[in-house]
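Peer 1: If you want the building blocks of each chain, they are given just below.
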Amino acid sequence: MTISFEGKNLEVPAGISVASALLAGGARDFRSSIVGNAPRAPYCMMGVCFECLLEIDGVPARQSCLITVRDGMKIKQQLGAPELEDINAGVNHE
Amino acid sequence: MSDEIADLVIIGSGPAGMAAACEARSAGLSVVVLDEQQAIGGQIYRRVETAPSSLLEILGKDYTAGQKLIAEFRSSGARCIAGATVWNVTTEGVVNYVTDGHADEISGRFVLLASGAMERPFPIQGWTLPGVMGAGAGQIMLKGAGAVPAEPVILAGCGPLLYLLAWQYIRAGVKIAAVVDTTKRSALFSALRHFVGAVKGWRDLLKGIKLIAAIRRHGVPIYSGATDLAITGIVRAEGIDFKIAGKPQHVAASLVLLHQGVVPNTQLSWSTGAKHRWDDQQLCWQPETDANGRLGDSVIYVAGDSRGIVGANASAVQGRLAALAMARQLGHADTAARVRRLLASLQRYTHVRPFLDTLYRPQQKNRIPDDDVLVCRCEEVTAGQIRKYVELGCKGPNQTKAFGRCGMGPCQGRLCGLTVTEVIAQKREVDPSEVGYYRIRPPIKPILLGTFAE
Amino acid sequence: MSKEQLTVVGGGLVGAAIAYGAARKGAKVRVLDQGDAAFRASRGNFGLVWLSSKGGGMPRYARWTRDAIRQWPELHKELLEVTGVDSGLEQNGGFWLGFSEKEVEKRANLLAKIHDEVGDIPFQMMDHSELKQYLPGIGPKVVGGSFGAHDGHANPLMLLRALHAGLNEKGAEVITGADVVDLQHRENSGFIVTARDGQSWKSDRLVLAAGLGISKLAEKVGLYAPVTTTRGQVLITERLKPFIPYPTNKARQTQEGSVQIGSTSEDVGFDDRTTTDKIEWLAKRAVDTFPSLANARLVRAWGALRPLTPDGYPIYQASEACPGAYAVICHSGVTLASIHASAIGPWMSGLAEAPEEFETFRSERFLDPNASFTNDH
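One line per chain: the protein sequences are A, B and C, in this order. Position one of the first sequence corresponds to residue 1 (this note's numbering), numbered consecutively onward. Position one of the second sequence corresponds to residue 1 (this note's numbering), numbered consecutively onward. Position one of the third sequence corresponds to residue 1 (this note's numbering), numbered consecutively onward.
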């Protein structure tokens with residue numbers, strides 16, 4: 001199946017975690033830390049360390065080691081703190 | 001929200017959870033098993049049901065052994081809810097969990113915590129860099145995705161898993177740049193003091209020696225008795241610095257897998273308010289239970305590695321014993337013969353533990369790091385900052401948390417808790433048991449606020 | 001002449017602020033604080049530095065709070081200079097948000113009453129669209145609210161750390177892990193304070209700021225200190241990029257980025273656990289207030305027992321039987337920290353007179369057999 005990471009398509013086998021798929025595809029830059037803006041990438045691969053956080057299909061800061069790849073999944077780096085979906089859009093029209 | 005009630009709700013589908021489910025079902029109990037992962041088996045038997053034969057061959061027979069237990073579990077009639085994030089367990093047996101963004105609740109007459117182990121944190125300079133992972137993480141990728149590193153890899157630390165992974169990698173054709181072994185040369189002699197364990201453990205030891213010899217035969221450089229580990233690199237791992245007999249060494253590689261044993265995943269048991277004791281042999285917290293794994297006089301039991309590291313086989317036996325204890329309380333009386341047999345095998349499986357714990361005791365410096373090393377990866381708090389808070393009067397991790405946010409991030413202290421306890425204990429010159437642990441409260445995993453919205 | 005020794009029992013926000021205020025005036029101060037597992041109301045404080053709606057039944061309390069709010073910038077600046085720790089003060093105004101017209105009207109009446117009685121506590125009522133100009137993230141269920149230009153927030157944990165660092169800088173002695181169980185008063189030779197482990201200390205003066213543990217200790221030195229407790233449950237999210245520019249009564253975004261959601265007020269005795277129903281209720285209410293919070297992760301829930309007097313207003317009481325002993329019970333340890341440091345510390349260490357009209361806060365008010373009290377305000 002095909003997933004995209006930072007706009008680039010990647011062919012990956014079905015049934016594996018997003019983190020595994022990206023690491024196997026050579027990705028290293030998953031996210032940057034919130035406090036020190038330092039580069040981080042998966043560490044534990046079993047759901048305890050929260051270093052593998054990515055924006056997956058528009059939802060920020062998801063644990064990519066616990067989520068199975070799906071065809072067409074759009075994945076982005078998680079840079080710093082999550083930004084909640086901009087709900088201000090409606091306000092400006094008032 | 002459903003108001004389902006089961007005789008037994010099990011959290012975790014590793015060896016302890018699956019075996020408990022089988023045993024409880026044989027005794028006629030209704031059983032529901034929750035697991036955060038999508039597939040059952042826990043970390044040890046991850047994906048063993050569907051792994052291709054080439055992978056089974058690489059991973060070896062300790063892994064394939066899981067197929068038998070999984071088959072028993074599949075035919076047991078226990079209900080399994082996969083992908084379930086448990087965020088709350090009450091002492092009355094109510095379990096709150098989330099699946100697919102949906103909040104749900106189930107009540108058990110009994111609840112078994114079988115949340116297994118996690119790799120012991122390995123706080124050294126540079127351990128937060130991309131390209132540094134746990135050896136367990138490497139093995140999870142191998143089991144879960146058949147994925148192996150494309151570039152040369154360094155394996156550093158100590159413990160059976162490290163050598164096992166090296167051997168598995170060699171068979172999978174991975175190039176290993178070096179094995180940097182932190183086992184102290186003197187450790188074997190200390191370990192041999194555990195006579196019984198040593199005799200029983202001789203086979204394990206031989207297995208280890210054979211593994212190491214095999215690894216060496218394949219031309220992998222092995223550095224023994226390494227100290228002063230530090231990952232090099234600015235934005236990614238580039239290699240590892242260490243010392244052998246005081247002499248500086250360096251090995252370059254873009255992937256470094258660290259390991260210094262596993263520790264119980266105790267977040268759940270702590271969150272129920274149960275008492276825990278510091279185990280000086282295994283250097284970790286363990287919930288205080290009765291012989292069957294019961295927490296106090298509650299309806300909650302703990303089995304397997306989350307109760308103290310015992311390994312897969314002993315975990316399964318503990319699961320069965322806990323299930324039988326619960327079955328007895330629900331009126332299934334005739335379990336005596338079965339219990340005797342299980343106790344005998346439990347003893348057989350755990351004899352070797354003290355020996356292994358002593359042999360692979362992680363070095364102090366790799367648990368209690370220097371001032372400039374990050375301890376809390378989420379909130380980026382160093383060992384030095386924690387020591388400063390102790391100087392300001394902090395006695396324990398809850399105070400250092402309040403002073404410096406250490407342990408307040410999304411991992412909820414899982415990756416820093418043990419280190420913080422030991423750093424404070426060392427600074428105060430007291431036993432870790434006097435320092436205590438974080439007060440763990442629900443949610444024991446972060447959950448979306450929207451989960452509760454209608 | 002050697003200086004008089006002041007011992008403060010309790011190193012939470014109230015005790016630490018008073019001790020700091022005494023130490024900075026030159027008093028010889030010792031603070032006795034409990035260990036790692038103490039109840040610690042300070043950790044459950046919501047962090048508002050708040051004036052609006054305070055003192056609806058006691059104008060002196062409204063004025064006291066108003067003075068505290070005005071003095072806060074000075075305390076914040078001083079602690080930052082002395083200790084380098086930023087207690088996170090922001091005083092750009094704050095909002096109370098209501099879900100029903102009835103609730104909003106009740107609010108308007110209360111604020112008007114206080115403004116009339118006390119003076120100089122202005123407020124502004126706003127409807128949904130007015131609120132939205134300040135808080136673009138509010139959802140349709142927020143029908144209206146009030147704005148207090150003087151309201152704001154701080155970081156209770158950093159404030160506590162700053163006060164302790166400040167005590168350190170000012171030469172005060174802070175002894176942690178001291179669980180005080182006994183007090184004795186000796187005519188002409190002051191007090192003897194004894195901890196559970198047998199340690200004891202002599203002191204000329206004594207301030208009891210022991211929160212929930214105060215009543216029994218107070219009796220021993222002739223003080224009446226009736227204390228009850230409410231449990232406040234609070235939810236805290238992961239750190240998020242800034243999107244709530246002003247603190248509100250239902251949620252506030254801290255400087256670190258996490259959103260703090262609170263808080264319940266429950267009468268449950270000494271049970272500081274969190275409960276599933278309240279966690280869910282708080283989460284729902286937060287999402288109703290700021291709908292985008294649905295995608296924010298809840299990282300921690302907290303249940304803290306906060307001390308409260310029967311009428312909800314503070315007690316500041318000097319002992320007549322044992323001169324030099326004082327009791328303090330106070331629910332708003334963050335808001336009042338500034339004035340506890342500036343006025344209460346110097347008073348209780350004998351370096352200044354009691355603030356004017358302070359008999360209002362004496363605990364004798366609870367001894368009137370015909371009076372009835374409610375702290376539900």
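If you are wondering where the hints come from, they were derived from the structure by calculation, not from laboratory data. Even for Gly, the Cβ is constructed at its ideal location relative to N, Cα and C. You may find that some hints are simply not true.
[Said to hold, decoys possible] Coverage of chain B stretches by chain A, computed from C-beta distances (three or more under 8 Å per stretch; other residues unrestricted):
#1 168 to 176
#2 239 to 247
#3 406 to 412
[Unchecked claim] Listing some non-contacts, in silico: residues in chain C with all C-beta distances to chain A over 10 Å:
#4 236
#5 241
#6 295
#7 296
#8 297
Peer 1: Indicate, hint by hint, whether the structure satisfies it.
Peer 2: Hint by hint, here is what the structure shows:
no., hint, result
1, 168 to 176, "violated (count 0)"
2, 239 to 247, "violated (count 0)"
3, 406 to 412, "holds (count 3)"
4, 236, "holds, 14 Å"
5, 241, "violated, 4 Å"
6, 295, "violated, 6 Å"
7, 296, "violated, 6 Å"
8, 297, "violated, 7 Å"
Of the hints listed earlier, those the structure fails to meet are numbers 1, 2, 5, 6, 7 and 8, in rising order.
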